[in-house]
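Peer 1: These protein sequence lines map, in sequence, to chains U, Y and C. Counting from 1, one number per residue, gives the positions in the first sequence under the working numbering. Counting from 1001, one number per residue, gives the positions in the second sequence under the working numbering. Counting from 2001, one number per residue, gives the positions in the third sequence under the working numbering.
Derived from the structure by calculation, the hints contain no laboratory data. Please note: incorrect hints may appear among the correct ones.
Claimed, not checked - Some chain C residues well away from chain Y (every beta-carbon gap over 12 Å; in silico):
1) Trp2062
2) Ala2071
3) Ile2105
4) Gly2166
5) Met2167
6) Ile2168
7) Leu2178
Claimed, not checked - Below, simulated DSSO-like cross-link-like pairs (lysine-lysine); rule was C-alpha separation at most 30 Å, straight line:
8) U/Lys386 <-> C/Lys2111
9) U/Lys134 <-> U/Lys155
10) U/Lys35 <-> U/Lys95
11) U/Lys368 <-> U/Lys35
12) U/Lys95 <-> C/Lys2111
13) U/Lys198 <-> U/Lys232
Note that the Cβ used here is the ideal one computed from N, Cα and C, for glycine as well.
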Amino acid sequence: MVMRRTVGLVAAATATAFVVAGCGGGGPQSEGDEKVTGGAIVLGVLNDQSGAYSELSGRNSVTAVELAIADFRAKYGDRAVTTDISVRSADHQNKPDLANSKAQEMYDRQGVDLILDVPTSSAALRVADVAKEKRRLYFNISAATTDLTGKSCNKYTFHYAYDTYMLANGTGRTTTEQVGRNWYILYPNYAFGQDMEKSFSAAIADAGGRVVGKDGAPFPNTSGDYSSYLLKAATLDPKPDVLGTMQAGAELVNVVKQYNEFELRDKGVSLAVGLMFITDIHSLTPAALAGTTYTDAWYWNFDQQNREFADRFQQETGARPSFAHAANYSAATQYLEAVQAAGTDDADTIVAELEGKEVNDVFLRNGKIRAADHRVIHDAYLAQVKPQSEVTEEWDYVRILDTIPAEEAFRAPSPDCTL
Amino acid sequence: MLRIENLSAWYGEAQVLRDAGLHVDPGEVVTLVGRNGAGKSTLLRCVMGLHTGWRGTVELGGTALGNLSADRRARLGLGWVPDDRGSYATLTVTENLTLPPTVGPDPWSLERVYEAFPALYQRRNSAATTLSGGEQQMLALARVLRMGARMLLCDEPTEGLAPLLVQQVGDLLREAKRHGVTVLLVEQNLRFATSVADRHYLLAEGRVTAAMENSEVRSRERELLSYLGI
Amino acid sequence: MTALLQSTFNGLVSGAFYALLALGLAVIFGMLRVVNFAHGAFYMLGAFGAYVLLAEAGVPFWVALVVVPLALALLGMALERAFIHRLTRLDPLYNFLLTFGLTLILQDLVKLRYGVQSSPYEAPAGLRGSVDFGLFDFPTYRVFILGFAVAVCVGVWWALARTRVGMIVRAATERPELTRALGINVGRWITPVFGFGIALAGLAGVLAAPMRAVNPLMGADLIIVVFAVVVIGGLGSIFGSVAAGFGIGMVQAWAEAYLSAFPIVAQTIVFIVMAAVLLWRPAGLFGRAEAPA
Ligand SMILES: Nc1ncnc2c1ncn2[C@@H]1O[C@H](COP(=O)(O)OP(=O)(O)OP(=O)(O)O)[C@@H](O)[C@H]1O
Ligand SMILES: [Mg+2]
């Protein structure tokens, strides 16, 4: 009796946890004759502000957008199309349904002109549907799925920073060429992980490598244990040269800790990580990841321009920016520039303004907003974590091995996409 | 020794005891008889401080027990022998005996218990619930004697026992009485009751409806038995 | 064969965490009849305690292994006195909700201070590297965890089986009311037992710090599995919780090693086992139907 109740209680309590959700306010906007609706531009940052992705993007992305607004004001002063620019933000807790309702609320009730960020692919796709239906702009930054520029693409959605193809193409191809041909791929068994596994397998095969084994680990992995897979990796025949882990966040941390525990590097199995943020390296310490290769969309200490932005960002937040932070800054900036150039915030006009545009800013190098699928392409980087002995400054953990030119970094526009 | 006045008790809305009153003098053995469901066990639980919904007065040795917790009452010398015998499955026979603290001036030693009950000695390292019903009953009685309780509250100790064991229970109670132990005994077996007790109370519908001497019980035996539905 | 041994060993290591956590839950449930949802949060605090001591005061792992569980025991006892104890007379649901709320508060407090990102922690120098077992070698730290957890479980078993306090805990767990009526002040032992259960959770947390991601949510997923373990072993059964802990660890590891073609099975195996056990023995493998009084 007590037992049956307990099981029920656990389920009930867990369900309760999912229901708890924040809510935002804000009245409807009046339509006016101004160039800009209501005389104001409202940018909405919709992302994870409390969970696994809140460090790599989260509230600090709101700060990044605020920096973009400040810079825009400073640049245009009185000539700005409007001075009334504000930011709204909401926590979608990585839940698609919540993302959907928050996005509707932002567009309908808070007068948001542009939604930014939206990590978690399933949530990102739901917001794309809302943008399409409401005919409002949406720049996705932090989600990885190529479906945003594939079968789920639409006229109002742009995909900004990275995607699974970029990660696989960069890390999969280069690592195969430079580190070893035989791979063992470990991925979290859900949409993102399966996507990553497919993209990596394809990229590895293209580069002449071979996937000798692959396993989908439970997601979420409640035991936190990956030893079965790590042991298996060491015993496969032929022995893999590279362990490619597609886990992210805390699960990546578990894989890496246990990769080190089982001394796989000493056994000749290098580590390649599908998706990693500077914040991950910071928490694992570079020592735990030394030598690991991965593809980065942007690195804060790459050049003077990046570093200046990183200094300002650190002043505001206390941390160095991840590529997601820089991309949010860039996306907000490019949107405001487009509104300024077009003299209106009418979504269709802005889309026309943006399509095909070539851009360079602190985040976008050799950037181009592709008209065909709204993929924003730019240079990407193959990065390697420095050994502890070479780390001389906090947060400066990686060495950029190679710059992958924008045209190569991203896939060609998909035939699945019709805007 | 024990005085109960105007004791009422409830299970939720349902009233089980209605202004019940009785007293047991020091050294006396007194039985409480009544039909199934009359509230006998509830009355003992009230005395023991285990029942929550109650009102009235319970005094032990002249001091009101009021809201004292069950463990404090036990340490004042109350020894409860519950109707289910109260054996612990997770404790050995010896542990069942030594679990309670000693609370009186004249506790039985473990040796004395084992001398009196060789069967318990033989099974001393087994879980108490593996004993036979009769052995468990002896264990429950031996436990309160080992505590040195001055006032025993025995809830139907002969229920379901073979005649030989019933006799043994009787011997034990008489022996306790000889040592000055006071006993309130809930009993359905009138023959047994008259063989060990000095006086008797009848509990009916939550009230104490009669106080009887041994002779009265014997003479009214047939009437009482039919009343009790036995 | 080697592979089987290796995965068994790994299963035992995961199982060691389950066992320590389930043991604490079982002792607490037995004595308080409280299903402590916050157990996972205390596990997390254990790991964070080790991290904070090292990062901010340079206190090494070995000291943390003693200090952190003790500190958490004190915190647990304070929380028991302040909140849990007030609700024990009510429906168990109240305390379940209370400890659930406590979990969210503890998680958020840690989040506020340290963020959601995992904090770094390394095994102490003496426990790095691996031990050669002939057929295979195995990380030293894992060998240590297994030995340590088994020692703790045996120690707890001994204390329960052979000491007077242990006897009282067993008696109060089995029949709280009778035990009070036999003159034992059960209430006096409730707070220390709660603290002890929490200390076990904290200990598991410290042990986890070098091999698991140390972040505010690290206990949140784990605790669900541990609940399943406790249900499988029999709610309140000390032996059952430990046996089921190690058992489930092994079953999970085998499923991951041999059923990797079906990740969904490895993912849900615990709950499959739980459902099967409940159908077969509704009180769990070592549980008994609850006795009265
Ligand atoms: N836990 C309980 N909840 C509700 N009612 C109860 C409870 N325990 C006993 N009762 C009811 O209270 C009344 C008195 O019960 P009690 O056990 O005191 O009777 P009793 O005289 O000891 O009977 P018996 O001879 O069967 O042992 C009965 O009607 C019983 O059904
Ligand atoms: Mg009765």
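Peer 1: Hint by hint, say whether it matches the structure.
Peer 2: Hint check results:
The Cβ of C/Trp2062 lies farther than 12 Å from every Cβ of chain Y, with a closest approach of about 35 Å, so its non-interface assignment holds. Remark: the non-interface label on C/Ala2071 is consistent with the geometry, its nearest Cβ contact in chain Y lying 31 Å away (cut-off 12 Å). The claim that C/Ile2105 lies off the interface holds: its Cβ sits roughly 32 Å from the closest Cβ of chain Y, which is beyond the 12 Å cut-off. For C/Gly2166, the shortest C-beta to C-beta distance to chain Y comes to about 10 Å, within the 12 Å cut-off, and the non-interface label is violated.
Distance check for C/Met2167 against chain Y: the nearest CB is about 5 Å away, which does not clear 12 Å, and the non-interface claim fails. With a minimum CB-CB distance of about 7 Å to chain Y, C/Ile2168 fails to clear the 12 Å threshold, and the non-interface call is violated. Chain Y draws C/Leu2178 into its interface by the beta-carbon criterion, the shortest separation being 5 Å against a cut-off of 12 Å. Under the criterion of a C-alpha separation no larger than 30 Å, the hint pairing U/Lys386 with C/Lys2111 is consistent with the structure, at around 28 Å.
Our distance criterion of 30 Å between C-alpha atoms is met by U/Lys134 and U/Lys155, whose separation comes to about 11 Å. Restraint check: the Cα-Cα separation between U/Lys35 and U/Lys95 comes to about 35 Å, which exceeds 30 Å; the hinted pair is violated. In summary, the hint linking U/Lys368 to U/Lys35 is supported, as the alpha carbons are separated by about 27 Å, within the 30 Å threshold. Distance check on the hinted pair: U/Lys95 and C/Lys2111 sit about 20 Å apart at the alpha-carbon level, within 30 Å; holds.
Distance restraint check for U/Lys198 and U/Lys232: the Cα-Cα separation of roughly 20 Å lies within the 30 Å cut-off, and the hinted pair is therefore satisfied.
The structure shown violates the earlier hints numbered 4, 5, 6, 7, 10.
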